[in-house]
Amino acid sequence: MKRYVSGRLLQLIPVLFGVTFLTFALLSLAPGDPVQKKLSAQGIAVTKDVLLETRKEMGLDRPWTLRYASWLFDLLHGDLGDSYKDGTPVAGRLVKAMKYTGILAISAFLLALVISLPLGIYGGIKKAGFLDRMIQLFCLAGYAVPGFLLAVLLIYLFCIRLKVFPIIAKGTVQGLFLPTLTLALPLASRLTRQVRASVLNQMEMEYVDGAKARGVLKPYILIFHILRNAMISILTVFGLSIGTLLGGSVVIENIFMWPGMGKMVMDSITARDYPVVQGFVLVMAVIYVIINLIVDISYHLLDPRLEEI
Amino acid sequence: MMRYKTMENRSRMKRQVIFFLFLVSLLGLVSLLAPYLITNDPYTTNALYRKGPPNLTFPFGTDKLGRCIFSRVIMGTRTSVFSALMVVAVSLTTGTAFGIISGYYGGLLDRVIMGICDIFLAFPQMVLAIGVAGLLGGNMTNAILALTLTGWTSYARLSRGLVMTMKKETYISAARLSGSGNIEIMLEHIFPGIAGELIINATLQISAVMIGFAGLSYLGIGVSVPEAEWGSMISEAIGYMQQAPWAVMAPGAALFITVFVFQLLGDSLRDYFGVGRGRYE
Amino acid sequence: MSESVLSVKDLSVQYGSHKVLSNLSFEVNKGEIIGIVGESGCGKTTLLKALFPKRTTNLIISSGSILFEDQNLANADKKKAEELCGRGIGMIFQNPKASFNPIRTYKSQYIETLKSHGMYHKETFESLVLKTFERMNLTGGRELLESCPYEMSGGMNQRIAIALSILLKPRLLLLDEPTSALDVASGKLVMEELQRIRELTNTSIILVTHNMGLLSGVADKVGVINQGSLVEWGTVHKVFGSPEHSFTKTLLDAVPKLGIPERIEEENISDCILKLEEVSKEYKRKNSPFLALAKVGMEVKTGEILGVVGESGSGKSTLLNMIAGLCSPTDGSVIFKNRIMEKRRKRDDYCNVQMVFQHAAESFNPRHHIRKAMDKTLKNLCDLKSRAERNERINELMKRVDLSPDLADRYPWELSGGQCQRAAIARAISISPKLLLCDEITSALDVSVQKEIIDLLKKLVKETGMSVIFVSHDLLLVSSFCDTIMVLWNGECVEAAATRDIIKNPSQDYTKKLLKTARIDGSLYIGTD
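Chains as they are written, first to last, in our numbering: chain Y, 3 to 311; chain S, 67 to 347; chain A, 985 to 1513.
Hints are supplied without guarantee of correctness; some may be wrong.
Unchecked claim - Straight-line C-alpha distance at most 25 Å; calculated DSS-like pairs for lysine-lysine: (1) K1279(A) <-> K220(Y); (2) K1038(A) <-> K1115(A); (3) K1321(A) <-> K214(Y); (4) K234(S) <-> K1268(A); (5) K165(Y) <-> K117(S); (6) K1321(A) <-> K129(Y); (7) K233(S) <-> K165(Y); (8) K1321(A) <-> K220(Y); (9) K1014(A) <-> K234(S); (10) K1033(A) <-> K1153(A); (11) K1233(A) <-> K1279(A); (12) K1327(A) <-> K233(S); (13) K220(Y) <-> K1081(A); (14) K4(Y) <-> K1279(A); (15) K1259(A) <-> K1222(A); (16) K128(Y) <-> K1038(A); (17) K1033(A) <-> K129(Y); (18) K101(Y) <-> K87(Y); (19) K214(Y) <-> K1259(A).
Claimed, not checked - Quick list of simulated restraints, FRET-style, between CB atoms: (20) I265(S) <-> K58(Y): 46 to 56 Å; (21) E208(Y) <-> S1400(A): 39 to 49 Å; (22) R1331(A) <-> N75(S): 42 to 52 Å; (23) T238(Y) <-> L151(S): 38 to 48 Å; (24) R1180(A) <-> L11(Y): 30 to 40 Å.
It is worth saying that the hints were derived from the structure and are not from the lab. In this text, a Cβ means the ideal position worked out from N, Cα and C, and glycines have one as well.
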């Protein structure tokens, strides 16, 4: 187990290397000059001399490969650099934004679970009944609604028509409700489908017939056989959903002005505040890989057939 | 035996596939014939009738500049369908090519290709797309490029997995004993064998790409501003949704219906051909 | 012994509108073991499914009655009938995987079953189960109970399932081909256990199988089903000793008999066509390398039929793949006609050595017609440039394997198992190879079809003078037509000699053991020893 985890974490290194290198290259090749952006944002008249001066000050006169090397060097010392915009350390801003994104993502994930588990199990057991058809319709619709459109509809309903929530979330508890719902609904529809499918799949397994033939009572079969084994494939989709959740939160955070990482990175991209973008990508990649690792480990715990790790 | 039941099911599924194919081709037709279907010029502003409710001249009303929303929605079909097909076509071909090579030859080549895949996967999809589109500047080509960059990995992984299972089939060994070489086996046995599942996945992917594309436009990094595109129309109209809800609802409904139809087509194809991860998904 | 447990009268069963069984009548007495035999698709499994109280919804009993004790199961209330499951009537499925959830311990599944019947007592549970295990000769006791089904072999699983059904003490036990997924030795153990159950609990048993050898040792009565009707019913001695119905006779006739083939190898010209020199094959595994073959040597002469016998996992398939060039040896060399075969095979090598696989249908691409697959072989390996010429050759080949040429224009899954295997043989001999490799080519087929395929093979060898390596797990079958036999065990060659020597005086213990189980398997046909 220990060897497996450390092995996987070791594999993380080339991935992170690739991700950050790619981002650095992308940032350097992109049109738009961060210095110009910064200066005009500060209201300083942009002349050629000022541009060159500031560029030298910010270390941007060096070739990007060199800058990448020094960024890596700083990273090893736990320094993610300073923001171009206001000179604050990137790490501090990331931690603060991460807290907000974490709250949003976790609450959305929990809400999706609460919706999808009962619906999916019910749909699987009472296949092709009226309620099951309704559930399937909900799932299909949930698939087809883009997150931002759902957000707009929810805003229209709750903020404009019913006037129960503020439009702009700004990180308050009250403001958490709508972005959570927006993120959770598409995720819930996806999970419901998977839960239903796995339950149906397991119900057709031969060992379920075997248990029935022995006269095992139905609740035992449902809980200890069908759900127990269905969890394994449900877990796959949970793992895959996390990527979607993180990506989706970028868009949703910007709509609701939720002060999380998504909002931060969009602002930074617009302002060409590259160190922040770079830090964001790094953190996202680490989170993503670690979550996948946790999912893989829980596979092994749920399914003893897999090789010992 | 079970056969009798499934025969009935299959003909029902077949009807479903045909029905959704019909709907999809209808959408394709709308996007092809868009310039002939519109009632007004989608880019002409009308100072006298701004944020106007639907009437006979403007079936879906007008936006804040007085442009005809109906015509803009129709023209938007073009952008949406074209870009989604483009993204899926490019990522499907590149992803599949890499995946087949990776799965068939294995070894070092496989490890390198899958390593690159891992790097792309470690970026959350939407984040990379936003990054590329945001940095390279907001226009349609860049948005397509951004979505393709994130899209090819899923095809590569899928086709690699399929090829690796297929390589173990007895008829591949039999083909080798018949004197067929690697390229011949790949073209004649492996590619046709996995094509069905890839196409079904591509169909399902189309709707996801449409959502992604509209999302980029919504954030202002998809198409450039005056262009008629559903995402950017929604984004622009959200500011005055209170006065003119139709300016949001019309493109929103168009987007929803289009995505829904493609999704249903993909689903029915998967049911009909009985492939995919589970039979009931 | 005369008290009736189950009485079936005029039973007809159909799936949807498809009639499977018609007018079956028989009676089962207390403590009797009944064997039901027939070919695949004859309806014998359907009979068991109809007898079991919990039926699948598409199975319809169109007429007749099934009287279990005093209850007519044919039209009983569904809920009431289902209460019989387990304690009244038990069922063991063909697939050993079907019995238990693979990833939960036996213990938890034993407990929930007993709990469901209100028979679980915490204090006595373990001692009760361990006692039953002991009586069934299941070693491992408590450790076995704590393990999961996926860790166990199919045979073990089947035996543990039977142990559980004994705990429930059903009055009637139904078994659907319980041994078909097992090797001969564990199949024999299962049969012994059935006899013990009968002694211990006086349970009546209905056993459906295609293996008549095993059946003859345990059953009291035998029923023969052909195309949905019961053509013969009576005691084992009567049915197997003096069968009345012509179908029973052909069925019995097709079973291979232990004996020495008429052909004797000395008559052949003895030039060596294939030679293996200390060939080893190692597979890389995560933790430790796995040695599939360890320094195996063999020689095949022109026109010789060599039988390779071994259990699953003995390395016999690896051996064939290596000779065919589908994998390369890690050590040693394959020498064909005095030339060492290289890792990369040339066109001529494929022309010389061809292979027929175990599952014929899987050896053809399901998307292509049979003709296309054969055409490919001819196009690549023969110099037949024109399509018409190749088509003509294909028709000719089909006739040679006793198939109608228009079957070539079908998909592999449209043919029966036997037809498909014939087509596979036709493809393999289309380029007149010097050596034909057969990998368990009859193990997926019914006995009567098996006989036809073997006869075909013998005919082809006589006509073409090619050599054959025939791999099988069935010593009985191999001994019936092979000139020489090689016994493989755990990747090592245990013994290799002329068939007569192997049968008459085997030198190794393992061979003796194999021979003994084979004798039991075929005891019915070689007299009463």
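Verification of the hints:
1. K1279(A) <-> K220(Y): Not satisfied, since the Cα-Cα distance of roughly 54 Å exceeds 25 Å.
2. K1038(A) <-> K1115(A): 30 Å, violated
3. K1321(A) <-> K214(Y): Violated: K1321(A) and K214(Y) sit about 59 Å apart, past 25 Å.
4. K234(S) <-> K1268(A): 17 Å, holds
5. K165(Y) <-> K117(S): Roughly 23 Å separates the two Cα atoms, so the pair holds.
6. K1321(A) <-> K129(Y): Violated - the C-alpha atoms of K129(Y) and K1321(A) are around 64 Å apart, more than 25 Å.
7. K233(S) <-> K165(Y): 60 Å, violated
8. K1321(A) <-> K220(Y): With Cα atoms ~65 Å apart, K1321(A) and K220(Y) exceed 25 Å; violated.
9. K1014(A) <-> K234(S): 50 Å, violated
10. K1033(A) <-> K1153(A): Holds, at about 20 Å.
11. K1233(A) <-> K1279(A): Judged against 25 Å, a Cα distance of about 45 Å means the pair is violated.
12. K1327(A) <-> K233(S): 19 Å, holds
13. K220(Y) <-> K1081(A): 20 Å, holds
14. K4(Y) <-> K1279(A): This hinted pair is violated, its Cα atoms lying about 38 Å apart.
15. K1259(A) <-> K1222(A): Measuring from Cα to Cα gives roughly 49 Å; hence the hint is violated.
16. K128(Y) <-> K1038(A): 19 Å, holds
17. K1033(A) <-> K129(Y): 24 Å, holds
18. K101(Y) <-> K87(Y): Judged against 25 Å, a Cα distance of about 22 Å means the pair holds.
19. K214(Y) <-> K1259(A): Distance of about 55 Å is beyond 25 Å: violated.
20. I265(S) <-> K58(Y): 46 to 56 Å: Once the Cβ atoms are compared, 55 Å apart, the range 46 to 56 Å for K58(Y) and I265(S) holds.
21. E208(Y) <-> S1400(A): 39 to 49 Å: 25 Å, violated
22. R1331(A) <-> N75(S): 42 to 52 Å: For R1331(A) and N75(S) the Cβ distance comes to about 47 Å; the hint holds.
23. T238(Y) <-> L151(S): 38 to 48 Å: With a Cβ separation near 29 Å, T238(Y) and L151(S) fall outside 38 to 48 Å, so the hint is violated.
24. R1180(A) <-> L11(Y): 30 to 40 Å: Distance hint for R1180(A), L11(Y) is violated at roughly 55 Å.
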